[in-house]
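*Asks:* Generate coordinates for the entire structure from the input sequences, incorporating the hints supplied.
Same order as they appear, the protein sequences are chains A and B.
Take the first sequence: its position 285, counting from 1, is numbered 285 in this note's numbering, and each next residue is one higher.
Take the second sequence: its position 204, counting from 1, is numbered 204 in this note's numbering, and each next residue is one higher.
Take the hints with a grain of salt, since some may be wrong.
[What the hints assert, rightly or not] Part of the chain A face toward chain B, derived, beta carbon under 10 Å:
1. Gln178
2. Lys179
3. Gln182
4. Thr387
5. Ile407
Derived by calculation from the structure, the hints in this document are not laboratory data.
Ideal placement from N, C-alpha and C gives every residue a C-beta, glycine not left out.
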Amino acid sequence: MNLSIHLDVKRSWINWLHHFIQNNAQNAVLLGATILSWVSWFTYYAAGHNLAYNDAMSHLDIARRVTDNITPGLAQLGSVWLPLLHVLMLPTIWLDSFWQTGMSAGLISMVCYITTVLGVYKTTYKLTSNIWSGFLASSIIAFSTNFLYLQTTALTEPLFIALFTWTMYYLVKWQDEQKIGQLVGAALMVCLATLTRYDGWALFGMAGLGVFSSVFLAKWKWHKAEGAAILFGTLAVFGIVLWFAWNLTIFGDPLYFATGEFSAKSQQDLLAKADDLPTKGNWIVSAVTYFYAMVGNIGIVSLIVGSVGWLIYMIETKSMQKRIISTVFLAPLFFNVLALYLGHSVIHLPEIVGQSWFNVRYGLIVMPWIAVFVGYLLSHKNFVIRTSVPLLIGLQVFLFFSSDYIITLDDGLWGSSQKNVKTIGSWIHNEIDGSDKKILVSVASHDAILFSTGLPMKQFIHEGTGELWDSALENPTSYADYVVMRTNDNLDLVSKNVEESPNFFSNYSLVYDDEFADIYKKNETE
Amino acid sequence: MWKTILSISFLVIFSSLLYLLTLRGVPGNLSASYINNELKEQAQPFELSPERGRYTLIMAMAEYGSFELPEEIALIAMPDVGYLNEKFYTLFAPGVSVIALPLYLLGKSLGLSQVFTYAAPALIAVFNGVLIYLLAREFKAKHWASVVSALVFCFSTISWSYAVTLYQHHFTVFFMLLALYGLMHFKKRKFIGYSIAWFSYAVAITLDSPNPMLLLPIMVYMLSTAINWQLVGKKIRFNFNTSILFTSVFFAVIIGFYGYYNRINFGGWATLSGTMPRYKEVLELSGEKTAEDIAGEKTALTLFDARRLHRGLYTLLFSDDRGIILYTPVILVGLIGLLSVHKKYSKEVAVVVGVIAMSLILYGSFGDPWGGWAYGPRYLIPAMSLVSIFIAVALTEYKNIWIKLLLLLAALYSSAIALLGSLTTNAVPPKVEAVHLQIPKYNFLLNIDYLQNDRSSSFMYNQYFNQWISLTEYYEIILASLFIVFSALVILLPLFERRKS
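*Replies:* As structure tokens, then:
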């Protein structure tokens with residue numbers, strides 16, 4: 001007994017369908033990513049989670065102070081962080097709603113998320129000529145619970161991930177087609193990346209070496225390799241040169257960003273003194289820490305599958321040039337492990353230091369590399385590999401969603417990256433709103449409080465107000481109606497200085513205190 | 001044909017003998033109070049909650065005709081018993097208990113209710129050995145190699161410890177292998193193959209919560225066999241075998257009954273017993289929440305958490321308290337066989353890889369990859385059964401003496417570990433708990449102490465042999481006979497075959 005039914009379909013229709021999918025795949029990816037991005041933004045905005053990170057509020061304030069400050073100007077971009085994200089926020093940060101909702105940076109991060117999804121699709125498709133590989137790879141990015149969260153925040157990671165992805169894309173294209181325009185495109189992406197995060201500087205180094213050695217080993221002509229490296233390098237290094245020049249011009253020291261009192265190194269030195277930097281000087285702990293950061297962000301299964309995909313690509317690819325270029329994609333991985341080893345970076349994870357999170361999001365940066373090579377495996381000639389990969393990745397993604405596992409959100413809500421200063425911010429807002437009273441406060445310690453008050457930055461005297469800051473520290477009574485500081489804390493510049501000021505405590509009264517700061521109000525003169 | 005009959009007969013007889021020698025139990029028709037007071041210590045039949053939980057359901061069904069547990073029976077399983085609407089329930093899926101119920105009733109009539117009940121997984125384990133043999137033959141492995149595969153799974157893996165007591169693992173393995181065999185063997189009579197697969201899948205779902213996902217690759221494989229395409233002129237013809245739909249009635253009926261069981265007892269068709277609040281949790285409620293509130297919070301999905309996956313994988317694969325590498329390294333030989341046929345049988349190998357991946361990921365993300373106090377990585381038993389099929393393939397493909405010696409050595413070590421657990425106890429703490437409780441040993445080293453102190457759970461040893469020989473001697477005799485059989489199969493039979501040809 002034949003229980004089969006059949007359906008006859010014209011081959012021309014199948015061909016049409018195939019071409020339709022082929023021609024619209026990118027649009028579908030873009031549309032899907034856009035929908036996910038907006039849904040995610042509204043979800044996290046409604047819960048207030050897009051502003052959970054202390055650093056997110058700081059980034060918004062830094063950009064805001066360029067336009068809204070006692071001494072506005074580009075110098076407010078400072079040297080603590082590389083400036084690209086803040087510069088990109090300038091067109092919208094002056095709008096109070098965009099500043100306070102975080103939308104000014106949110107828009108940028110969302111665009112970065114969407115372009116990352118697209119970039120990973122295009123890179124994978126370029127490597128494999130297989131749209132399904134591209135779909136799978138871009139899905140890993142699109143459905144990453146951690147990236148979906150981070151793309152709502154004012155942090156530098158989404159911007160860097162996008163630039164890193166497009167660097168990968170242009171380099172992959174260039175290795176195949178050898179067009180100068182593609183090399184220039186890669187160099188431009190690297191230049192922008194060097195102005196976003198210091199991971200970009202490592203990307204610059206590795207990409208430059210990669211460009212030189214891939215041309216040299218392919219053609220065995222020194223001058224061709226030199227030419228390609230110079231073309232790439234002069235554009236790519238521009239961001240780094242600009243940053244040195246900026247530091248020299250504004251702060252008098254080209255290395256102020258690395259050695260200044262507000263630099264990451266200074267902060268890490270404090271942690272090292274408190275024995276809170278377990279990775280410093282220890283390669284194994286550094287590597288293990290970053291491994292767990294990657295696992296927490298991407299998932300152990302995706303990490304293993306992507307790494308295996310990369311290894312298989314390296315083995316099966318006959319082209320030395322392609323191998324070298326694909327090694328460049330490991331730049332963020334090498335940089336982060338090195339930074340941990342040198343003590344220039346810190347990551348806290350429950351697996352290493354107990355129930356604590358800090359900077360766990362750094363592990364997300366390698367995700368484009370992993371995604372591309374997972375996609376590569378889907379186009380492999382081996383049937384078992386082709387069928388196993390979607391199953392494994394599907395399970396991993398499903399688990400992330402079903403168990404609501406968003407380690408970057410955990411860090412923002414409960415880890416050391418969070419700073420829930422809403423209460424103190426509301427108090428200040430209610431106390432001062434509508435008046436022109438001035439508040440003396442250190443943004444290095446309390447930028448999140450400034451943000452949460454919602455008050456114009458003009459009302460704050462801080463490190464970025466130049467001589468007014470120095471004068472106010474020396475004689476707060478003449479300048480500041482309120483002083484916000486952590487009393488008896490030498491790390492708080494206001495506390496460190498004003499407590500030496502004569503009669504401070506007789507001129508000011510404590511009117512509010514909580515775990516984050518104390519607020520002193522100038523006594524009314526009769 | 002005669003080789004098949006001879007091989008299966010040998011498997012059945014030899015396996016039955018070894019399982020009989022290691023079956024856990026005490027004589028008599030046991031009362032609830034006797035079990036509760038006398039048989040819950042280590043190296044006794046009711047040492048752990050999985051066997052207690054399932055046995056209590058059997059007793060409730062047999063003695064009271066009910067799925068809810070009367071209090072005196074519920075006490076056996078305390079504190080791992082569910083509590084809802086002022087009634088006690090087992091936290092385990094009912095399938096194992098329902099299947100073992102006839103043997104309980106038979107045993108009860110002979111004054112051996114518990115022994116016969118525990119013989120149910122042993123009987124299923126024998127069938128599993130036969131299925132592994134048959135599946136290895138589907139991959140064109142030689143008869144002797146296929147027998148080796150079956151024996152490796154049954155007696156060189158920790159599945160042995162769970163064949164002699166009332167756990168779900170062998171039942172899951174049986175229906176998984178049955179589904180796969182049905183689909184592979186009945187390629188020309190797909191109606192039969194689909195019927196077996198649907199039936200097996202449905203029953204497997206009633207055995208344990210992760211089984212719907214665990215067996216999903218097999219069902220996807222089934223679907224792939226129902227669809228094919230061919231070029232017909234300027235058209236593409238897609239063929240769909242509708243018997244896959246008709247035979248799904250087996251699935252629908254069994255799942256319908258299971259859903260009804262959940263609905264009646266727990267309030268929802270898809271509400272599983274494992275999501276019931278534990279009696280202990282209910283006692284600790286301060287009044288803000290009720291037991292029903294807690295029941296509503298838990299779903300099957302909350303059992304799995306991505307946060308735990310990397311630790312879980314490490315635990316299952318490499319750890320020194322549960323790692324498969326430590327307990328059952330012989331399985332690695334199966335991976336060699338898997339690699340050798342992945343091109344020729346790509347679909348079937350993909351299914352096997354899929355089930356292994358499901359096992360690792362689901363149980364790795366489970367709250368308790370250790371399986372509680374357990375012997376070895378018990379959650380990987382289904383994966384072990386599949387990989388062991390390919391040991392036969394490896395032995396057939398590679399006639400190299402070194403592969404055989406490697407297998408023999410690995411099998412000897414693995415069998416020694418497996419027998420240790422089956423003769424003594426499964427109640428081995430995870431390392432984290434052992435450290436906390438200051439128990440110095442947390443793997444099979446603990447079982448060696450039991451062996452040396454003659455503490456066995458074996459019904460046959462305790463009833464008939466303990467007066468004549470020590471447990472260590474009993475252990476050595478069984479292990480020696482196993483090793484002799486392995487050696488004969490791996491070294492001698494191939495020689496005999498070669499001379500004949």
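*Asks:* For every hint, state whether the structure bears it out.
*Replies:* Structure-based check of all given hints:
Hint status for Gln178/A: violated, given a least beta-carbon distance of 36 Å to chain B, over 10 Å. A cut of 10 Å between beta carbons decides the hint on Lys179/A: the least distance to chain B is about 39 Å, and the hint is violated. The beta carbon of Gln182/A comes no nearer than 37 Å to any beta carbon in chain B, farther than 10 Å, and the hint placing it at the interface is violated. Because the smallest distance between the Cβ of Thr387/A and any Cβ of chain B comes to about 4 Å, under 10 Å, the interface hint for this residue holds.
Of the supplied interface hints, the one on Ile407/A holds, with its beta-carbon coming within about 8 Å of a beta-carbon of chain B, less than 10 Å.
Taken one by one, the earlier hints fail for this structure at numbers 1, 2 and 3, listed in ascending order.
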